[in-house]
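Given the coordinates of chain A, assemble chain B with the ligands onto it according to the supplied hints.
Taken in sequence, the protein lines are chains A and B.
The first sequence begins at 7 in the working numbering and counts up one residue at a time.
The second sequence begins at 17 in the working numbering and counts up one residue at a time.
By construction, these hints were calculated from the structure, which means they are not laboratory data.
Certain hints may be false.
[To be verified] Derived DEER-like restraints, expressed as beta-carbon distance ranges:
#: 1; chain 1: A; residue 1: 78; chain 2: B; residue 2: 387; range: 43 to 51 Å
#: 2; chain 1: A; residue 1: 77; chain 2: B; residue 2: 141; range: 38 to 46 Å
#: 3; chain 1: A; residue 1: 70; chain 2: B; residue 2: 370; range: 47 to 55 Å
#: 4; chain 1: A; residue 1: 95; chain 2: B; residue 2: 456; range: 44 to 52 Å
#: 5; chain 1: B; residue 1: 443; chain 2: A; residue 2: 78; range: 54 to 62 Å
#: 6; chain 1: A; residue 1: 78; chain 2: B; residue 2: 148; range: 40 to 48 Å
#: 7; chain 1: B; residue 1: 292; chain 2: A; residue 2: 116; range: 21 to 29 Å
#: 8; chain 1: A; residue 1: 15; chain 2: B; residue 2: 426; range: 21 to 29 Å
[Said to hold, decoys possible] In silico DSS-like links for lysine-lysine, alpha-carbon gap of 25 Å or less:
#: 9; chain 1: A; residue 1: 89; chain 2: B; residue 2: 160
#: 10; chain 1: B; residue 1: 96; chain 2: B; residue 2: 124
#: 11; chain 1: B; residue 1: 295; chain 2: A; residue 2: 75
#: 12; chain 1: B; residue 1: 327; chain 2: B; residue 2: 149
#: 13; chain 1: A; residue 1: 50; chain 2: B; residue 2: 24
#: 14; chain 1: A; residue 1: 50; chain 2: B; residue 2: 352
#: 15; chain 1: B; residue 1: 352; chain 2: B; residue 2: 367
#: 16; chain 1: B; residue 1: 24; chain 2: B; residue 2: 47
#: 17; chain 1: B; residue 1: 63; chain 2: B; residue 2: 47
#: 18; chain 1: B; residue 1: 245; chain 2: B; residue 2: 232
#: 19; chain 1: B; residue 1: 327; chain 2: A; residue 2: 50
#: 20; chain 1: B; residue 1: 327; chain 2: B; residue 2: 352
#: 21; chain 1: B; residue 1: 124; chain 2: B; residue 2: 63
#: 22; chain 1: A; residue 1: 50; chain 2: B; residue 2: 232
#: 23; chain 1: B; residue 1: 149; chain 2: B; residue 2: 124
#: 24; chain 1: B; residue 1: 96; chain 2: B; residue 2: 63
#: 25; chain 1: B; residue 1: 124; chain 2: B; residue 2: 24
#: 26; chain 1: B; residue 1: 24; chain 2: B; residue 2: 63
#: 27; chain 1: A; residue 1: 89; chain 2: A; residue 2: 75
#: 28; chain 1: B; residue 1: 160; chain 2: B; residue 2: 47
#: 29; chain 1: B; residue 1: 124; chain 2: A; residue 2: 50
[As the list claims (entries may be wrong)] A short list of chain B residues far from chain A (calculated; beta carbon distances all over 12 Å):
#: 30; residue: 123
#: 31; residue: 302
#: 32; residue: 321
#: 33; residue: 366
#: 34; residue: 374
#: 35; residue: 399
#: 36; residue: 423
#: 37; residue: 432
No residue lacks a Cβ here, since even glycine has one placed at the ideal position from N, Cα and C.
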Amino acid sequence: MGVRVNALTCTGCMACEMACGYHRDDAFALLSSCIVAYRTREKKDYFGVILKEEDSLVIARPEGMEIRKIGDAGGGGGDSSAKPMLLRESCDLCAGMDGGPMCARFCPVDAISVE
Amino acid sequence: MEYLSSGKILIVDLAAGETREEELEDDLISKRIGGIGITTHLLGNYKDQDPIVMGCGLLTGTLYPASDLSIITAKSPVTKTVCHLPVALKAGIEFKYCGFDYLVILGKSANPSMLWIHDGVADLMDASAVWGKDVWQTTDAWRKEMGDDLIQTLVIGNCGERCSDLAQVSVNYWGSGDIWGFGSLFGEKRLKGIAMRGMGLLEVAEAEGFVDHSIKVLSALKQAPWGGKTGITDIVTAMGRQDVSDWMAPMVHRNSSSYNVPYPYSTFLYLDEDPALLKEPEGVEPGIMITSPYVAIAAKDSGMSASEAFKTIRSCLRYGIDPEAAMQISAAEGKKTRGEMEAALDSMSRKDTVGSRPPFSHYCPGHPLFADFGTGKDSGDFEEWWMRRQALAYLFGVDPMFMLMSPEISAQSMMEAVRLGTGVDISEETLNFLVTELCA
Ligand code: SF4
Ligand code: SF4
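Okay, chain A solo, but in the shape it has when bound (with noise of 0.2 Å):
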């Protein structure tokens, strides 16, 4: 089971990461987040999501999802300037959380879906 972002659907208004970084802090902050509304290209419009799981990374483009393994080239940590994702916590589906994911309770659009 793993959480998983219809990136056309998204609107890149990051509650998701915000949210995610809240089930982390018991606080506001985003650099504990392991799911990250990537927007580095903002003059191209080209946004979408990339969270990170125990093994991959999920990266949610518009074109389409793409899993890439840890460990493979590329990596996808250039995605969260902020922070690489590589170095973030993996999802853990909010475990303790009353309530479920906290990222797809606080999508406004349901984008976001666990399967």
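Below, chain B with the ligands without anything else, positioned relative to chain A:
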């Protein structure tokens, strides 16, 4: 203030080239709440030193829906009154996480300067290298120099440097709701702009209660009547301009949201690429983002083709001029082509004095959008309602456009969020007193 706040005010003296910090007293928050309640207070405190004040709301950057907003408050050279510029997209929350809740900029710099605020540190730096550069070049240069493409900027272009009262303070690349000529205030101060990057952390007094409250509001919003509507196109349609929507629709690439805003009203148009392209385009600057319905309407009313009109808007964004005003002035002067309009940018000026305007930016239409606020459907006069909704948005740090679509985001709901988030109980009396003062 311990919660939902960094508890600090940054004072920048451009003439002396110095910065200092002051504590944000709890007492001030109890009396003035935050956002424009406090920016106007600080503006008054420093009124003899040519102040520009920036601030955020207590809810800015939290999980409360649509909490994207910071504000710049100053005396407008256009209206000669105190006005407020909404800073949304992702720049509003970047400011909040920079380590300061308020920023007071005083005096004038002798040389071009820029302010770089990041993680509780403020550096006043030389900006000679970008003086003369346009808005896009400046944002690109600062992101490259700092090695971080997520830096958010508030920046002027050549229009601001020549101190035109048509100049905007632009958010990153995309202009702003600045109809106040705040860009000229930056130009007079020889302040090219502010670059922001914040990775702070906000403690929450009753974290679980705050999150539960926010999720309840969001759940109610998800039942809202605007479900399925999207972008500036549906907003202009709701304003009675379906023709504008139809005209620009073939150029729409995607719609995106400001931080945590449920309705995506930032509409990106591809001017040099196929709008249906999903892959990352090869061209570095394929289009523009439009965040104001009035810019779309002014583009349509210019009489040009959509492609030519929005390319003209791109030139305005780069130049740092209010695109709506520029299009209107050009049209009034009989200019009909992109070439004629672009050639006139350097000498463009306002021909008429602007009468009184409300202190909130009119980039948000003056009536409810999609939703029924119980104001009476036939009422043509929403002015008082609109002023109050805008004042609430600017006080608490909630998106002012979304405030027109969301009766669920009520004053009571925001006060409850503040109580849970900070432990500060704001009375209705305090709130009503402030709203009345700010709308006067
Ligand atoms: S399920 Fe929880 S841990 Fe996993 S990405 Fe979402 S918020 Fe983060
Ligand atoms: S919360 Fe939803 S819409 Fe917002 S960035 Fe995350 S996936 Fe996208």
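Here's how the hints hold up against the structure:
A hinted range of 43 to 51 Å holds for the C-beta pair residue 78 of chain A and residue 387 of chain B, which are about 48 Å apart. Taking the beta carbon of each, residue 77 of chain A and residue 141 of chain B are about 40 Å apart, inside 38 to 46 Å as hinted. At about 49 Å, the CB distance of residue 70 of chain A to residue 370 of chain B agrees with the hint of 47 to 55 Å. Look at residue 95 of chain A against residue 456 of chain B: about 50 Å separates their beta carbons, and that is inside 44 to 52 Å.
Taken as a hint, the range 54 to 62 Å holds for the pair residue 443 of chain B and residue 78 of chain A, whose Cβ atoms sit roughly 58 Å apart. Separated by about 45 Å at the C-beta atoms, residue 78 of chain A and residue 148 of chain B satisfy the suggested range of 40 to 48 Å. Taking the beta carbon of each, residue 292 of chain B and residue 116 of chain A are about 24 Å apart, inside 21 to 29 Å as hinted. For residue 15 of chain A and residue 426 of chain B, the hinted distance range of 21 to 29 Å is satisfied, since their beta carbons lie about 28 Å from each other.
About 17 Å separates the Cα atoms of residue 89 of chain A and residue 160 of chain B, which keeps this hinted pair within 25 Å; it holds. Among the hinted pairs, residue 96 of chain B with residue 124 of chain B is consistent with the structure: their alpha-carbon atoms are about 19 Å apart, no more than 25 Å. A hinted pair counts as satisfied when its Cα atoms are at most 25 Å apart, and residue 295 of chain B with residue 75 of chain A qualifies at roughly 22 Å. A hinted pair counts as satisfied when its Cα atoms are at most 25 Å apart, and residue 327 of chain B with residue 149 of chain B qualifies at roughly 19 Å.
Distance restraint check for residue 50 of chain A and residue 24 of chain B: the Cα-Cα separation of roughly 36 Å exceeds the 25 Å cut-off, and the hinted pair is therefore not satisfied. Distance check on the hinted pair: residue 50 of chain A and residue 352 of chain B sit about 29 Å apart at the alpha-carbon level, beyond 25 Å; violated. Proposed proximity of residue 352 of chain B and residue 367 of chain B is supported: the alpha carbons are some 18 Å apart, at most 25 Å. Between the alpha carbons of residue 24 of chain B and residue 47 of chain B the distance comes to roughly 17 Å, so the proposed pair stays at or under 25 Å and holds.
Annotation: proposed proximity of residue 63 of chain B to residue 47 of chain B holds, straight-line Cα distance about 20 Å (limit 25 Å). A threshold of 25 Å between alpha carbons decides the hint, and for residue 245 of chain B with residue 232 of chain B the separation of about 22 Å falls inside it, so the pair holds. At most 25 Å may separate the alpha-carbon atoms for a hinted pair to count; residue 327 of chain B and residue 50 of chain A meet this at roughly 15 Å. Between residue 327 of chain B and residue 352 of chain B, the direct Cα distance comes to roughly 13 Å. Compliance with the 25 Å bound is thereby established for this hinted pair.
Annotation: proposed proximity of residue 124 of chain B to residue 63 of chain B holds, straight-line Cα distance about 14 Å (limit 25 Å). Between the alpha carbons of residue 50 of chain A and residue 232 of chain B the distance comes to roughly 35 Å, so the proposed pair goes past 25 Å and is violated. Between the alpha carbons of residue 149 of chain B and residue 124 of chain B the distance comes to roughly 20 Å, so the proposed pair stays at or under 25 Å and holds. Annotation: proposed proximity of residue 96 of chain B to residue 63 of chain B holds, straight-line Cα distance about 13 Å (limit 25 Å).
For the given pair, residue 124 of chain B sits about 23 Å from residue 24 of chain B by alpha-carbon distance, which is consistent with the 25 Å threshold. A threshold of 25 Å between alpha carbons decides the hint, and for residue 24 of chain B with residue 63 of chain B the separation of about 20 Å falls inside it, so the pair holds. A threshold of 25 Å between alpha carbons decides the hint, and for residue 89 of chain A with residue 75 of chain A the separation of about 19 Å falls inside it, so the pair holds. Of the supplied pair hints, the one linking residue 160 of chain B and residue 47 of chain B is violated, its CA atoms being roughly 42 Å apart against a limit of 25 Å.
Proposed proximity of residue 124 of chain B and residue 50 of chain A is contradicted: the alpha carbons are some 36 Å apart, above 25 Å. Taking the minimum C-beta to C-beta distance to chain A, about 32 Å, the non-interface status of residue 123 of chain B holds against the 12 Å cut. With a least CB separation of 6 Å from chain A, residue 302 of chain B falls inside the 12 Å interface cut-off, contrary to its annotation. Non-interface call for residue 321 of chain B relative to chain A: holds, since the shortest CB-CB distance, roughly 21 Å, exceeds 12 Å.
With 12 Å as the threshold on Cβ separation, the claim that residue 366 of chain B sits away from chain A holds: the shortest Cβ distance comes to roughly 30 Å. In this structure residue 374 of chain B is separated from chain A by more than 12 Å, as the shortest Cβ-Cβ distance comes to about 28 Å. Its beta-carbon lying about 29 Å from the closest one in chain A, residue 399 of chain B satisfies the requirement of being farther than 12 Å from that chain. Annotated as non-interface, residue 423 of chain B keeps its C-beta farther than 12 Å from every C-beta of chain A; the closest such distance is 16 Å.
Taking the minimum C-beta to C-beta distance to chain A, about 17 Å, the non-interface status of residue 432 of chain B holds against the 12 Å cut.
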